[in-house]
Amino acid sequence: MIVVESAGITDVGRKRKSNEDSLFVDDDLGLYMVADGMGGHRAGEVASELVVETIQAYITQIHRNSSRAESETADSALSKEANHLLASIHLANKGVHQIAQSNDAYRGMGSTVSAAYLTDQTVIAANVGDSPIYLIHDSTIELLSVTHNVVTEQAAIDPDAADKLGEDVKFLLTRAMGVEESVRPDICEVPIFRDDVLVISSDGLSDLASPEEILDVVEEQSSATACQKLIEMANGRGGHDNVTVVVLRIKDTKKRGGITKLRTRVARRIIHFLEKYI
Amino acid sequence: MPTLTLKFKDNVVGEYTLAPGKSVTIGRMEANDVVIENLAVSGHHAKIDSVGNGYLLTDLQSKNGSFVNSDPVNSHWLQHDDEILIGKHVLVFAYAEGEEQPAPASAPAGGLDQTMVMDTGQYRKMVEKIGKKPSDSTQDMAGEPTGVLSYLGGGEGEVVIDKKLFKIGKSASSDMIVSGLLVGQTSATISKRPNGYSLSYVEGIAKPKVNGSAVRESVMLKEFDVIDIGSTKLQFVLKS
Numbered sequence: 001m002i003v004v005e006s007a008g009i010t011d012v013g014r015k016r017k018s019n020e021d022s023l024f025v026d027d028d029l030g031l032y033m034v035a036d037g038m039g040g041h042r043a044g045e046v047a048s049e050l051v052v053e054t055i056q057a058y059i060t061q062i063h064r065n066s067s068r069a070e071s072e073t074a075d076s077a078l079s080k081e082a083n084h085l086l087a088s089i090h091l092a093n094k095g096v097h098q099i100a101q102s103n104d105a106y107r108g109m110g111s112t113v114s115a116a117y118l119t120d121q122t123v124i125a126a127n128v129g130d131s132p133i134y135l136i137h138d139s140t141i142e143l144l145s146v147t148h149n150v151v152t153e154q155a156a157i158d159p160d161a162a163d164k165l166g167e168d169v170k171f172l173l174t175r176a177m178g179v180e181e182s183v184r185p186d187i188c189e190v191p192i193f194r195d196d197v198l199v200i201s202s203d204g205l206s207d208l209a210s211p212e213e214i215l216d217v218v219e220e221q222s223s224a225t226a227c228q229k230l231i232e233m234a235n236g237r238g239g240h241d242n243v244t245v246v247v248l249r250i251k252d253t254k255k256r257g258g259i260t261k262l263r264t265r266v267a268r269r270i271i272h273f274l275e276k277y278i
Numbered sequence: 279m280p281t282l283t284l285k286f287k288d289n290v291v292g293e294y295t296l297a298p299g300k301s302v303t304i305g306r307m308e309a310n311d312v313v314i315e316n317l318a319v320s321g322h323h324a325k326i327d328s329v330g331n332g333y334l335l336t337d338l339q340s341k342n343g344s345f346v347n348s349d350p351v352n353s354h355w356l357q358h359d360d361e362i363l364i365g366k367h368v369l370v371f372a373y374a375e376g377e378e379q380p381a382p383a384s385a386p387a388g389g390l391d392q393t394m395v396m397d398t399g400q401y402r403k404m405v406e407k408i409g410k411k412p413s414d415s416t417q418d419m420a421g422e423p424t425g426v427l428s429y430l431g432g433g434e435g436e437v438v439i440d441k442k443l444f445k446i447g448k449s450a451s452s453d454m455i456v457s458g459l460l461v462g463q464t465s466a467t468i469s470k471r472p473n474g475y476s477l478s479y480v481e482g483i484a485k486p487k488v489n490g491s492a493v494r495e496s497v498m499l500k501e502f503d504v505i506d507i508g509s510t511k512l513q514f515v516l517k518s
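So the sequences go chain by chain: V and G. Each step along the first sequence adds one to the number in our numbering, with nothing skipped, and position 272 is 272. To get our numbering, take the position in the second sequence, counting from 1, and add 278.
Hints are supplied without guarantee of correctness; some may be wrong.
If you want the footprint, here are the derived chain G segments under chain V, 3+ residues with CB under 8 Å [said to hold, decoys possible]:
hint : region
1    : 314-326
2    : 333-341
3    : 362-369
4    : 463-471
5    : 474-485
Here are the simulated lysine-lysine pairs, DSS-like style, with alpha carbons at most 27 Å apart [what the hints assert, rightly or not]:
hint : chain 1 : residue 1 : chain 2 : residue 2
6    : G       : 341       : G       : 287
7    : V       : 80        : G       : 300
8    : V       : 251       : G       : 445
9    : G       : 448       : G       : 511
10   : G       : 487       : G       : 448
11   : V       : 94        : G       : 300
12   : G       : 341       : V       : 170
13   : V       : 164       : G       : 366
14   : V       : 80        : G       : 445
15   : G       : 517       : G       : 445
16   : G       : 300       : V       : 164
17   : V       : 80        : G       : 441
18   : G       : 300       : V       : 170
19   : V       : 164       : G       : 341
It should be emphasised that the hints constitute simulated quantities derived from the structure, not laboratory data. Note that the structure is a prediction, hence the values are computed from the model and not measured. Even glycine gets a Cβ: it sits at the ideal position worked out from N, Cα and C.
Throw the hints in and build the complete structure from the sequences for me.
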């Protein structure tokens with residue numbers, strides 16, 4: 001079992017009247033999420049909450065019923081758990097899309113989603129939109145999510161063209177949950193080690209704090225204090241948007257390396273030998 | 279629905295209606311929605327997209343530029359009565375009387391304050407404009423190079439890293455099976471991350487080596503790195 005010390009805080013910020021972000025933290029499921037909703041008149045809140053709840057419900061279902069048959073749409077490039085997470089995101093997208101289509105008050109609503117899902121030795125990071133998922137390993141910070149906004153996607157294709165984009169277009173999302181009938185999440189699965197830290201946030205933080213600043217805060221503090229400090233940092237710099245931060249620190253992994261494992265194997269062989277010949 | 283009135287020296291020479299979800303292109307060439315036949319106008323000069331409940335003017339890197347109320351713009355959220363100058367022609371953007379229009383304060387100017395989604399159609403057009411296509415498949419990285427492990431010893435040919443988490447070890451369920459006395463059931467994994475491929479040690483007394491040094495946790499793989507796991511020697515290569 002992976003032992004995790006986790007915390008999550010969401011804050012309305014300094015400028016907005018309502019909080020459209022949602023978060024989810026559950027060490028038993030090993031599931032952590034941030035969703036940043038959009039759409040007026042509380043629709044953004046509805047969208048982000050629906051996304052988080054759908055994914056949570058789906059994964060809970062999987063945990064309860066682990067013998068569940070593999071979905072036919074499973075992607076062979078992904079592990080079983082990664083396929084589960086992907087399926088839950090697709091389901092959440094459909095849910096938000098349907099409600100947005102069928103109810104005038106919710107028309108045009110949508111949300112980002114960034115989820116980290118722990119397996120025995122890895123973390124699966126999946127995202128749609130611009131809420132970052134950072135992995136801190138050995139004092140370096142790395143983005144595990146792919147930022148789905150115009151400037152980032154353009155920069156990957158043609159950095160010169162990205163420079164010429166107007167400020168008002170740069171940060172438009174190129175993908176979001178609930179906007180279209182289907183969605184294309186980015187997903188990756190990487191091994192995790194003891195003392196690794198994952199940080200998931202909304203752009204309310206990442207617009208105002210660099211990855212290096214986040215690294216500095218997180219390295220020094222417990223997960224709960226780190227969340228608090230990062231929220232304070234964003235609010236201290238204007239807090240123009242809702243701010244949500246989830247921090248999880250890997251305290252221990254199940255990994256039984258080399259010697260112990262060999263020892264148990266040798267012991268098993270000896271027992272086997274004894275049983276057979278004596 | 280808002281309208282665009284095309285004027286040349288105070289004479290109205292055309293009128294166009296904008297509709298939510300539709301884009302309007304402006305330029306000298308016939309293929310545009312608004313055609314302005316004047317040499318000062320580029321073939322594809324500018325466009326107006328409906329984004330959210332507003333309209334966004336984007337200059338398509340035209341030779342002589344686009345101006346709104348005399349200011350040069352790359353992109354601009356249009357407000358009622360904005361005058362767009364293209365060459366010597368003026369396009370007046372106006373909402374119909376009584377029509378709901380985004381308040382200047384709530385217009386997504388500045389972008390940062392508003393989370394908005396760019397319509398996929400528009401985005402594709404934008405990307406096509408610079409001649410590249412965004413990738414289409416779900417998982418993949420079309421256009422991005424794929425990692426391949428090429429055997430230098432202990433096997434022949436090459437193996438494509440076709441999993442997000444590719445397992446190498448003695449276990450029969452590994453994506454690549456290797457042998458060696460002290461090699462783990464899963465000795466190493468290679469994961470595809472947003473910034474490239476990394477190799478991580480998982481279990482076993484014999485640690486995998488990259489370019490001769492044992493990997494204790496994870497290392498990013500560079501093209502042509504040599505990987506040793508047990509008696510197997512591999513080279514990491516990128517193929518498009």
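A quick look at each hint next to the structure:
Remark: the region 314-326 of chain G is not confirmed as covered by chain V, as 0 of its residues place a Cβ nearer than 8 Å to a Cβ of that chain, below the required three. Remark: the region 333-341 of chain G is confirmed as covered by chain V, as 3 of its residues place a Cβ nearer than 8 Å to a Cβ of that chain, reaching the required three. Coverage of the region 362-369 of chain G by chain V is violated in this model, with 0 residues showing a Cβ closer than 8 Å to a Cβ of that chain against a need of three. Counting residues of the region 463-471 of chain G whose C-beta lies closer than 8 Å to any C-beta of chain V gives 4; at least three are required, and the coverage claim holds.
Counting residues of the region 474-485 of chain G whose beta carbon lies closer than 8 Å to any beta carbon of chain V gives 6, which reaches the threshold of three, so the coverage claim holds. Proposed proximity of residue 341 of chain G and residue 287 of chain G is supported: the alpha carbons are some 21 Å apart, at most 27 Å. Note on residue 80 of chain V and residue 300 of chain G: the hinted pairing is violated, with a Cα-Cα distance of about 41 Å set against a maximum of 27 Å. A distance of roughly 24 Å separates the Cα atoms of residue 251 of chain V and residue 445 of chain G; the hinted pair therefore holds under the 27 Å criterion.
Between residue 448 of chain G and residue 511 of chain G the CA atoms are separated by roughly 15 Å; this keeps the pair inside 27 Å, and the hint holds. Proposed proximity of residue 487 of chain G and residue 448 of chain G is supported: the alpha carbons are some 16 Å apart, at most 27 Å. Among the hinted pairs, residue 94 of chain V with residue 300 of chain G is consistent with the structure: their alpha-carbon atoms are about 24 Å apart, no more than 27 Å. As the CA atoms of residue 341 of chain G and residue 170 of chain V are separated by approximately 22 Å, the hinted pair is consistent with the 27 Å bound.
Only pairs whose Cα atoms come within 27 Å are accepted, and residue 164 of chain V paired with residue 366 of chain G is accepted, the gap being roughly 24 Å. A distance of roughly 14 Å separates the Cα atoms of residue 80 of chain V and residue 445 of chain G; the hinted pair therefore holds under the 27 Å criterion. A hinted pair counts as satisfied when its Cα atoms are at most 27 Å apart, and residue 517 of chain G with residue 445 of chain G qualifies at roughly 20 Å. The suggested pairing of residue 300 of chain G with residue 164 of chain V holds, with an alpha-carbon distance near 23 Å, which does not exceed 27 Å.
For the proposed pair residue 80 of chain V and residue 441 of chain G, the alpha carbon gap of about 12 Å is at most 27 Å, so the pair holds. Distance hint between residue 300 of chain G and residue 170 of chain V is fulfilled; the C-alpha atoms sit about 20 Å from each other, no more than 27 Å. A threshold of 27 Å between alpha carbons decides the hint, and for residue 164 of chain V with residue 341 of chain G the separation of about 14 Å falls inside it, so the pair holds.
Comparing the model with each earlier hint shows violations of hints 1, 3 and 7; every other hint is respected.
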